[in-house]
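Guided by the hints, dock chain A onto chain C, whose structure is given.
Number of protein chains: 2
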Amino acid sequence: MRIGVLGTGNVGRTLASGLLRNGHEVRLGSRTAGNEAAVAWAAEVGGPASEGTFADAAGFGELVVNATAGAASLDALNLAGAEQLAGKVLVDVSNPLDFSHGMPPTLTVCNDDSLGEQIQRAFADLRVVKTLNTVTAAVMVEPRLVAGTHTIFVAGDDAAAKAQASDLLKEFGWPAESILDLGDIGAARGMEMYLPLWLRLYGAKQTAVLNIEVHAGA
Amino acid sequence: MRIGVLGTGNVGRTLASGLLRNGHEVRLGSRTAGNEAAVAWAAEVGGPASEGTFADAAGFGELVVNATAGAASLDALNLAGAEQLAGKVLVDVSNPLDFSHGMPPTLTVCNDDSLGEQIQRAFADLRVVKTLNTVTAAVMVEPRLVAGTHTIFVAGDDAAAKAQASDLLKEFGWPAESILDLGDIGAARGMEMYLPLWLRLYGAKQTAVLNIEVHAGA
Chain C
229 MRIGVLGTGN
239 VGRTLASGLL
249 RNGHEVRLGS
259 RTAGNEAAVA
269 WAAEVGGPAS
279 EGTFADAAGF
289 GELVVNATAG
299 AASLDALNLA
309 GAEQLAGKVL
319 VDVSNPLDFS
329 HGMPPTLTVC
339 NDDSLGEQIQ
349 RAFADLRVVK
359 TLNTVTAAVM
369 VEPRLVAGTH
379 TIFVAGDDAA
389 AKAQASDLLK
399 EFGWPAESIL
409 DLGDIGAARG
419 MEMYLPLWLR
429 LYGAKQTAVL
439 NIEVHAGA
Chain A
229 MRIGVLGTGN
239 VGRTLASGLL
249 RNGHEVRLGS
259 RTAGNEAAVA
269 WAAEVGGPAS
279 EGTFADAAGF
289 GELVVNATAG
299 AASLDALNLA
309 GAEQLAGKVL
319 VDVSNPLDFS
329 HGMPPTLTVC
339 NDDSLGEQIQ
349 RAFADLRVVK
359 TLNTVTAAVM
369 VEPRLVAGTH
379 TIFVAGDDAA
389 AKAQASDLLK
399 EFGWPAESIL
409 DLGDIGAARG
419 MEMYLPLWLR
429 LYGAKQTAVL
439 NIEVHAGA
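Protein sequences, first through last, are from chains C and A. Each number in this note's numbering comes from the position in the first sequence (counting from 1) with 228 added on. Each number in this note's numbering comes from the position in the second sequence (counting from 1) with 228 added on.
Do not rely on the hints blindly, as some may be mistaken.
DSS-like, lysine-lysine: derived pairs with alpha carbons at most 27 angstroms apart [claimed, not checked]:
#1 A:Lys433 to C:Lys398
#2 C:Lys398 to C:Lys316
#3 C:Lys433 to A:Lys398
#4 A:Lys398 to A:Lys316
Derived DEER-like restraints, expressed as beta-carbon distance ranges [what the hints assert, rightly or not]:
#5 C:Gly237 to A:Asp326: 27 to 37 angstroms
#6 C:Asp326 to A:Leu408: 19 to 29 angstroms
#7 A:Ala265 to C:Thr435: 40 to 50 angstroms
#8 A:Glu272 to C:Thr435: 44 to 54 angstroms
#9 C:Glu272 to A:Leu408: 35 to 45 angstroms
#10 C:Glu290 to A:Ala404: 42 to 52 angstroms
#11 C:Ala314 to A:Glu399: 54 to 64 angstroms
#12 A:Gln434 to C:Ala271: 48 to 58 angstroms
#13 C:Gly237 to A:Ala261: 55 to 65 angstroms
#14 A:Gly315 to C:Pro403: 49 to 59 angstroms
#15 A:Glu272 to C:Gly237: 55 to 65 angstroms
#16 C:Glu311 to A:Gly411: 44 to 54 angstroms
#17 A:Tyr430 to C:Ala271: 40 to 50 angstroms
#18 A:Arg372 to C:Gly274: 49 to 59 angstroms
No lab work stands behind these hints, which were simulated from the structure alone. Positions of the beta carbon are idealized from the N, C-alpha and C atoms, including for glycine.
With the rest of the complex left out, here is chain C (with noise of 0.2 angstroms):
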């Protein structure tokens, strides 16, 4: 599949070159065309690999990820634009963080909305899953590298973005039976606002490599 990565973060990269592996041709987008990390990943991993701007991405790309830092995404998808967009999966893994305030970070957006939520009405048209926030980028693409079984959650209006999305999710790795859907977009607001206890959890544990299993009543 023609995929349309935006972000050229360790996120964005990240996801780019597993996407690659399991076989998709990738477009990687940034707000302006040759960005030094995008043009320097497309020339390491080679392949059916390009960058551009995110309108270049998002026109690539039959489904869409936005790996843009949270406060970001709405400028990110506005500069991808809506014509690019419609119709179309967008794979949401972006996290609403803002450090402006130091650490720890606080989020833009919680508690009575989310960025999932604002991204999916301002574009009425995308069909919007969340997912893949609640890890690391390493964890995102190989999940294996966390011990045992453990959980990823997908959220969104519509089931048929989710089952595409959840086909990604299982091409790095993660089991069927390890994919949690949480309901529609409104579900963004819990999975945002785990990051909190996600960053203590980082600390408890001295390591970006972990997760969350959900066990229910026997």
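Below, chain A alone, put in the same frame as chain C:
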């Protein structure tokens, strides 16, 4: 140990009964002495169980449990009285849920603060330990209701207080290796902001008897 439990709802009564089973003397506190639920509870469980006002329960306890509704917790603790609480360990299991805007509930405090931190600031002499707020009442006192191993968090500024709270957890059946210390009381933020995710897990699993297990890198 003599323990005062503030709050006569399901959480307070379940914890009070569990503590009683584990050999403690328990006084259940509410806004007014002679509260119907508290009187019925004391009559039903028998043994060293009593009831009274928040101040009665706080004064009685060598250790105090806050099991009031989060939105009412600061009021309840003010009624209990700083002088009854001074120097004691407060095991805070509350969640600052606000149901006044309908479902899903929002949090009355989050993102850059938490109820656990508010309580610690308001009662500087109190040794607040946030714990158990991430599981339903039945699981608090009987963790084996949830299949497999799963994690319970403790957070607070006082290491001895956390050790004392952890002893109570072990009496309930939480294995030592399942008790995860998340650091100072600032971790209450993440523990309370987990609630919106918990509510979605409840919806997905169709049972409140659930919990998460933290797995770290291989």
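Status of the hints after comparison with the structure:
no.: 1; hint: A:Lys433 to C:Lys398; verdict: 21 angstroms, holds
no.: 2; hint: C:Lys398 to C:Lys316; verdict: 20 angstroms, holds
no.: 3; hint: C:Lys433 to A:Lys398; verdict: 21 angstroms, holds
no.: 4; hint: A:Lys398 to A:Lys316; verdict: 20 angstroms, holds
no.: 5; hint: C:Gly237 to A:Asp326: 27 to 37 angstroms; verdict: 35 angstroms, holds
no.: 6; hint: C:Asp326 to A:Leu408: 19 to 29 angstroms; verdict: 26 angstroms, holds
no.: 7; hint: A:Ala265 to C:Thr435: 40 to 50 angstroms; verdict: 45 angstroms, holds
no.: 8; hint: A:Glu272 to C:Thr435: 44 to 54 angstroms; verdict: 47 angstroms, holds
no.: 9; hint: C:Glu272 to A:Leu408: 35 to 45 angstroms; verdict: 38 angstroms, holds
no.: 10; hint: C:Glu290 to A:Ala404: 42 to 52 angstroms; verdict: 51 angstroms, holds
no.: 11; hint: C:Ala314 to A:Glu399: 54 to 64 angstroms; verdict: 58 angstroms, holds
no.: 12; hint: A:Gln434 to C:Ala271: 48 to 58 angstroms; verdict: 50 angstroms, holds
no.: 13; hint: C:Gly237 to A:Ala261: 55 to 65 angstroms; verdict: 59 angstroms, holds
no.: 14; hint: A:Gly315 to C:Pro403: 49 to 59 angstroms; verdict: 50 angstroms, holds
no.: 15; hint: A:Glu272 to C:Gly237: 55 to 65 angstroms; verdict: 58 angstroms, holds
no.: 16; hint: C:Glu311 to A:Gly411: 44 to 54 angstroms; verdict: 48 angstroms, holds
no.: 17; hint: A:Tyr430 to C:Ala271: 40 to 50 angstroms; verdict: 48 angstroms, holds
no.: 18; hint: A:Arg372 to C:Gly274: 49 to 59 angstroms; verdict: 53 angstroms, holds
Checked against the numbered hints given earlier, this structure breaks none of them.
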